[in-house]
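First to last, the sequence lines map onto chains A and D. Position 118 of the first sequence, counted from 1, bears residue number 823 in this note's numbering, the numbering being contiguous throughout. Position 750 of the second sequence, counted from 1, bears residue number 745 in this note's numbering, the numbering being contiguous throughout.
Cut-off 30 Å, straight-line C-alpha distance, at most; resulting in silico cross-link-like pairs (DSBU-like, lysine-lysine):
| id | chain 1 | residue 1 | chain 2 | residue 2 |
| --- | --- | --- | --- | --- |
| 1 | D | Lys720 | D | Lys770 |
| 2 | D | Lys671 | A | Lys821 |
| 3 | A | Lys770 | D | Lys626 |
Simulated from the structure, these hints should not be mistaken for lab results.
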Amino acid sequence: MYKILAVDDDITTLGLLEFLLKRHNYDIITCSNGSEGIKAAQQLKPKVIILDVMMPGMDGIEVCKKLRALSETANIPILFLSALGQDIEVMRGLMAGSDGYIVKPFEPEDLLSQIKKLIERNSNGK
Amino acid sequence: MKLTIKNIFGIKISFRILIFIIIVIISYIFVREIDRGIFIIAYPILIFGLGYFFVFKPIFITEKILYSALSGDYTQVKVLKSFGESGDYINSLLNRLLISQESLNILSVASRVITSHIEISDIMNMLLDLACDKMTMPSAFITLKDNDGTIRIKLSRGLSDEFTRNFNLSENEDFYGRDFLTKEIVIINNTVKNKLSKYEEIFLQEGIMSFVQIPIIVNDKVVGTFNANARVKGFFDNNIVKTVATLADYLAIAMENYGMYQDMQEFNKRLELEVESTTEELTNTNIRLIAKVKEMKALNDIIFSVSSKVDMNEMFLAIIEKIKIITNVSFAGFMIYNEHTDSLSGYGDIKGFELQIAENTNSILIKSFKNITSFISNELFMENYSDLKDLYNNRRITSLAVLPIVEKKAIGLFVLGNKTLGRFSQEDMRFLSVVSSQISELIGRVKLYEQLNRRINDLLILRDISNTIKTEPKLEEILEVIAGKTVKSLESDYAFCWLFNKTGEKLVPKYPIEYINNESMEFDVKSDSPIIKIFLEGKIQSVTDIEFNNELDDICKKNAIKTTLIIPLKVEGKKIGFFCFCSKKQNVFNEEIIHLADSIAGQVAVIVENARIHSRLKEINVELEKLNKVKNDFVSMVSHEMRTPLTAIKGFVHVVLNEDAGKLNENQKKFLGIVKQSINHLNLLISDFLDLSKIERGLIVLKLERGNITDIVKKSIMSNINQIKEKEIELKVDVDENIPDIEIDSARILQVFNNLISNAIKFTSSEGIITITVKDKGDYIVSSVVDTGVGIPQDEYQRIFEKFYQVDSSYTRSATGTGLGLFITKTIVELHGGNIWLESEIGHGSHFSFLLPKAKKSFRREKNVQNIGS
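Produce the entire structure from the sequences given, and follow the hints as far as they go.
What follows is the structure, encoded as structure tokens:
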């Protein structure tokens, strides 16, 4: 069971992710703000981090950069999941060091296949 | 009697010789007898002595006499008397010789006389003297014909006055039976014998026994006679007559000569007179010529010395200097017309004289200027004109010449006064009028030059100003530059600028910077401040000791400001504010400066207004951008906010539809299916909205990759298939085989197809047909979506692609949507370098087509979409 960390301030989204990922046999941990997320990532070392962008306090971009800066979390694949779907925002997300960007609302298939890819890639890469 | 030795000595000589010989013989015989010794000594002595006295001395004497007679010395003549008859004969011969000699002398004297220049009367006297004294004639006289034709005695010698007075003959009067007019010599050797008619007695009374009358012939005409008289009969023999005739001839010649001489003299005199008069004329002409040349030279002088001057004042002064010298006046100047003040101002010696055209009625200067006439007066004290009186009383001008200077129109007057030698004459005026016409030419030239200079100056200043203005200047900077550049050119020390505020009620200070927000320096447009009054008049004005009625007054006092130039700024007739230039000098803002200010004012007003507009625009821009940002943020925020719940909705619907939360019955599946579609629809709407804002911000960027239109079409159909089925619309798909891949943003092209297809579905009633075609047309791929719906009226073909445009709702039964779909579709197609259009007929449906170029270069990869939708 792969661990997946989801960071989002919206509980409905977190609820959805929980159900979906559990349904597909992933072990999901949720955090509702950036700093919590970073701590959790450091501690739990998930396989993939699903990150929202628009969050109060530290936004997703910042979190991503921080995660990339920390040695423990630098190599964990990060997937942005955000309602901000405009090109620059996507670009921002990608340039912050993420490995993917999915726009809300999303097709669950898309998300699941992305996660799968990232895990496979990572494990292959290792 | 022949003059032989025998005749000369007569018998006496031969007798003497004979006796001598006898004596010699006798004495020889006698003395021989006495003594031989004495004989030898005494005999020669005796012979010699006798011989000398008897023979030789007479011979010697005779020789001597002959010799001396021949040589002209007649003193030995007396000796001849002792020789008797032969002596007498010799004497008479000698006398004749003497007379001949005398005659010759007389004649030679006479001829000499005639050749020298002596009066006729003198000649006549001399000839008469010769005749009477030398030729020993008792009397002689000369007659001449008078003008009336009477012949009268002109001169006489040895005659009584009575005779002289009474002797007059008329021309034709017969004299000795001969006409006077004959040119014959009359010789009368016996007056009694010949009949003298009435003159007989007179002649006899005078004792004239014989006379000769020689006509004096001058120019072949007898003008008189030369009469010589003798008291003895037969005095006049050929020789004497010849001599007298010669004298008369000489007299005639002399008279002829004299006549000719007189004529010559007369002629000479006339010639002289003529020559004199001609010479006089020539001299006069010469004098006039010289005067003319002097004039021309003077004119040239003036022009030359002035030609280098380009300043009007300098030129005037130079001309005045020269004129004074040339025309000998002590007072010279110009009165020049000033348009701005409508007055004549004095230059040169007449400086300080100012005449207002409108005011002065009794001024000859103004009169001359207005009527363009010249004026002279040599008695200024007698004139009534006010200005002349002024000149006389205050400047001691006694004579004055005034000439107008005309250069296209009257520009002033040339004024000269107090001619040092004499008075102003017509000749002077003529010369001066030539000078003044030259002056007007010069003035014209200088004016042109000045105009040019001013123009160049103005342009330079304007260029300077525009040079230093950057592309996006701020108003404060511009004012700073303008003020900086113009303060000096306008001869001022400080500059201020006020411009209308936004409401147009107040004039607020905008320059210098330190006064910008100073409320006390503001002016209410309705205030009585003198500055505002001047500003409202709208003309450039120069004011001395102005009052601002605010703290500026203190500033002005402190800096000793004397004059202020107020320049209202107008753009298209509308006042926008004014500039104020302050100077410490008095009377410094002259015509030139005002002119410069005028030409700059217009430009400056435009520049300032532009800058203001620009800064207002900038302000507005900033506000708009802020607004835009707010809007965009709002849009982003809203879409984010809306999408977040959508995520959950969509997700969970998916989960439930997937039967991950439990099995579903048919109805549940159906209903949830509808919900899912609605969610997608809602999502699309939100996307459209976001796209719009992106388009407006110019932020749509195409992600160009290799894409396949066939696949995209398929995908699009699939997402809309349910609706098609529901509406029972027939779908026809005609896609070419092997449509090549092209560089497109697949997601966006999908969006396009989705939009067109969903529109088609929306506007087609049930049992309609939707046809989708994709064709490879060489460089382009053309796709179209045709429906059999209500169609779109032709006049709305263009407008349907506009933002928010929806076809008139009466044509549609259920018009939904934001009206953005086609706008976005069009944008996307055009960003790909393609085109979209419509062919439609009302009632027959719509036929949307668009083409996409295959070639890369028509793609506009990243474009700021700014003009779409206008």
